[in-house]
Amino acid sequence: MWATSDLWRCGNSGGILKLDIIAKVEAGEKLREVGRFYSIYESTVHNMMKCKDVIKNTVQE
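For the sequence shown, this note's numbering assigns the number 69 to the initial residue and increments by one for each residue that follows.
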């Protein structure tokens, strides 16, 4: 069974997609992972980390 743990954090923005995937899994349909799903929170944290690294590198120079 395809794991949907990344989608649980998507909140309202991923709710419809999450329900569609769960319905397909329960129906026994084969799913293929096309890409990684990022929640808004994960994207924000990722961007903050990139900014922090850029600032840190700039200050060191």
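It should be emphasised that the hints constitute simulated quantities derived from the structure, not laboratory data. Glycine residues also receive a C-beta, built at the ideal position from the N, C-alpha and C atoms. Any given hint could turn out to be false.
[As the list claims (entries may be wrong)] Per label pair, the in silico range of CB-to-CB distance:
id, residue 1, residue 2, range
1, Lys92, Lys124, 42 to 52 Å
2, Glu94, Cys119, 20 to 30 Å
3, Gly96, Asp121, 40 to 50 Å
4, Lys92, Asn115, 41 to 51 Å
5, Val127, Ile90, 24 to 34 Å
6, Val113, Ile90, 24 to 34 Å
Of the hints given before, which are not true for this structure? 2, 4, 5
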